[in-house]
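Engineer: Going down the list, the protein sequences come from chains A and B. Per this note's numbering, the very first residue in the first sequence carries number 1264; after that it's consecutive. Per this note's numbering, the very first residue in the second sequence carries number 939; after that it's consecutive.
Keep in mind that the hints are not guaranteed to be accurate.
[Claimed, not checked] Residues on chain B that point at chain A, a partial pick, calculated with CB under 10 Å: (1) 1195; (2) 1234; (3) 1239; (4) 1246; (5) 1249.
Worth flagging that the hints you see were computed from the coordinates, not collected in a lab. Just so it is clear, CB atoms sit at the ideal spot from N, CA and C, and this is done for glycine as well.
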Amino acid sequence: MKRGACFLACLALLAGCAGEQSAFSATGEEAISTLRLTWILTIGSVLVFLLVIGALIAALGRPGALRQRLADPRMVTLGGIVFPMVVLAILLIYSFALLRAGPASAGAAPLNIAVEGKQWWWRVTYSDTPGGPVESANELRIPVGETVRLELTSADVIHSFWVPAYAGKVDMIPGRTNALTLKVTAPGIVRGQCTEYCGGAHALMAFRVIAMPPEEFAAWLEREAAPAEQSLPGEAEFLRAGCGACHTVRGTPAEGTAGPELTHVASRQTIGAGILQTTPENFRTWLDRHREIKPGNLMPEYEFLSAAEREAIATYLEALE
Amino acid sequence: MRIRVTLTWLRIVIGLLACLVAAVAGALLIAWTGLYSLAASHGHPGWMTSFLEFGKRRSIIANTRDLNVPDLDDPNLIRLGAAHFDAGCAVCHGAPGRPVTPVFEAMLPVPPPLSERAQDWSPEELHWVVRHGLQFTGMPGWSGEDRDDEVWAMVAFLRALSDLTPAAYGQLAAGNAPQETADVDALVTAGPASLPMAACAKCHGSESAPPTSDLVPILSGQSPAALEIALNDYRSGARESGFMEPVAGQLSEDRIGAIAAYLSSRESLAYAGTEATDPDAIARGRELARRGDGDRLAACDSCHGGSARADYPRLNGQSAVYIRAQLQLWKEGGRAVTPHGRLMAEITDDLSEGQITDIAAYYASQPVFQYGAAVSPAGGEE
Chain A
1264 MKRGACFLAC LALLAGCAGE QSAFSATGEE AISTLRLTWI LTIGSVLVFL
1314 LVIGALIAAL GRPGALRQRL ADPRMVTLGG IVFPMVVLAI LLIYSFALLR
1364 AGPASAGAAP LNIAVEGKQW WWRVTYSDTP GGPVESANEL RIPVGETVRL
1414 ELTSADVIHS FWVPAYAGKV DMIPGRTNAL TLKVTAPGIV RGQCTEYCGG
1464 AHALMAFRVI AMPPEEFAAW LEREAAPAEQ SLPGEAEFLR AGCGACHTVR
1514 GTPAEGTAGP ELTHVASRQT IGAGILQTTP ENFRTWLDRH REIKPGNLMP
1564 EYEFLSAAER EAIATYLEAL E
Chain B
939 MRIRVTLTWL RIVIGLLACL VAAVAGALLI AWTGLYSLAA SHGHPGWMTS
989 FLEFGKRRSI IANTRDLNVP DLDDPNLIRL GAAHFDAGCA VCHGAPGRPV
1039 TPVFEAMLPV PPPLSERAQD WSPEELHWVV RHGLQFTGMP GWSGEDRDDE
1089 VWAMVAFLRA LSDLTPAAYG QLAAGNAPQE TADVDALVTA GPASLPMAAC
1139 AKCHGSESAP PTSDLVPILS GQSPAALEIA LNDYRSGARE SGFMEPVAGQ
1189 LSEDRIGAIA AYLSSRESLA YAGTEATDPD AIARGRELAR RGDGDRLAAC
1239 DSCHGGSARA DYPRLNGQSA VYIRAQLQLW KEGGRAVTPH GRLMAEITDD
1289 LSEGQITDIA AYYASQPVFQ YGAAVSPAGG EE
């Protein structure tokens, strides 16, 4: 009875392996082949283990034909030397092929996107856009089926870029550019997370990756490149409070670069670097309580802003689609 | 008859304790009977005077630490010190051409005439005394806590004091404010001005005169909201300054509002002597003010430029020395006490010494800001 309950509990835990941030729900080429290798290794080693244990039991059992055959020197040569050599050699060659394989060698010029880790958010720059680089933040959009090359850098300390559904993690090291090549096979939204401790709000430094069909991606990038609509309600309050000292909203005098770019912030999935769902309510929550929601984040608190001013700024952010 | 007492350690300890108890009881008895007169008019007996004098001297010497002494011949320090001395210190210590008033001459100890006595001490010792005051003498400590920087103005002035003629002193002390009016009628009917400290123009400059010192900001032309916040913060003691707290403490809230509105509508001459600035520093400062440093630093002009909220102070035309001193104060944590101050403290955390110099140089090179005058939307003129 007890054992049954334990088994059920373990089964329930397995549910945690699926989901938006899981290497078991792989949709990127690298993650898919790594997952395949994982399955081959796991199932293969279980089979070998069972074989060895079976042989051991037979060897300890009553004398008989089976035991006789196990004691045969040819069995030792075949099962003890040839079998492991062949299996390990095949695995080695397969994993070498895996390491080399992947979209990196896939001919066509990749789409370059620069991702910079910064305490505690991500600056995302679409470098290959016809009208010049387009900056965004805390969300990565990529076309399905195309080779994407991410240039990973850090502005301050070591961060690590990990989207388990697509590929293994790659460190972002100050003064270095590391590259990660991705090719995503199916559209969908997955989650990424900083996986190198980088200070106070490290655990709350996440992002979403949205894989979309190429034509949708192209249309989206064109919209993303466009400046924000001018003179929206609340723009004046946003600028007068000094938000532009750190945030850029293209098309307005707000040109700061210390914080995330906000031109189309309302069209992103999350705010606060993967922390809150983008909803009108959450813009207000973030303005009022961002230090509680994401302790240690570097945006100062504007204690003296009136409720009306906060409301106006939230309304403005909400309209930045 | 002889009493034989054998000395043991226990007996010695008990004996000493008994002496101690007797001494405390004796002191309490003297205090209770009131035998010792504390009358200031009596003066101390000679031995007491010598003892107290000795203790004071030793205490000052023992507590003084090595400090970074600024250039004490800097007229900016001396003028600021003179203005404060006249309003705050001269009443007890007298001034050139003005002896100690009879009221304070009757204090015990009598406040020393500083024209003569300030020379007895080194700059560090004077700094310690002005900063901390002296117990049992009536000498108060500096009212701006943690504003050791301000105290140097007093030290510089005290060092210059012995050479001052009454006329020269009068000129220094009055700053830009008119020297004492000879309006006998007003004097007879209204008495002397009731707010001797609060003549803003004395230090801060006006339409006809620049600020007396590059350590003080130009107030004319700031927005009323920014001026009100500053004065109210000084008044409540949230913002520390030995110069400004006593001034703001004399003002009612209504008066602060009226002063802010008045100053905001006025203009001021720019600083008289400007330090030679490096054009490269100004250019670097302009870039920082407009765009930040591309890393963590916010762009100063987004808040301190023309079109930002009225409660953010404008920096154009303020002296580089003043801006640097305030930014240093923020870096040391001295201003993270009000909502606005806490916000700024997060920004100054990321400032390097070099950036402070560049930003100060840039703003000092700009024409003095005028609230309500037309400004470009991004703030800051070319």
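Engineer: Hint by hint, note whether the structure agrees.
Structural biologist: Now for the hints, and whether the structure bears them out:
1. Residue-level restraint check for residue 1195 of chain B is violated (minimum Cβ-Cβ distance to chain A is 18 Å; threshold 10 Å).
2. Among the interface hints, the one on residue 1234 of chain B holds; its C-beta lies about 5 Å from the nearest C-beta in chain A, closer than the 10 Å criterion.
3. Interface hint status for residue 1239 of chain B: upheld, as the beta-carbon distance to the closest one in chain A is roughly 8 Å, under 10 Å.
4. The closest approach between the C-beta of residue 1246 of chain B and any C-beta of chain A is roughly 5 Å, which is under the 10 Å cut-off, so the hint is satisfied.
5. Restraint check, residue 1249 of chain B versus chain A: the minimum CB separation of about 7 Å is within 10 Å; hint holds.
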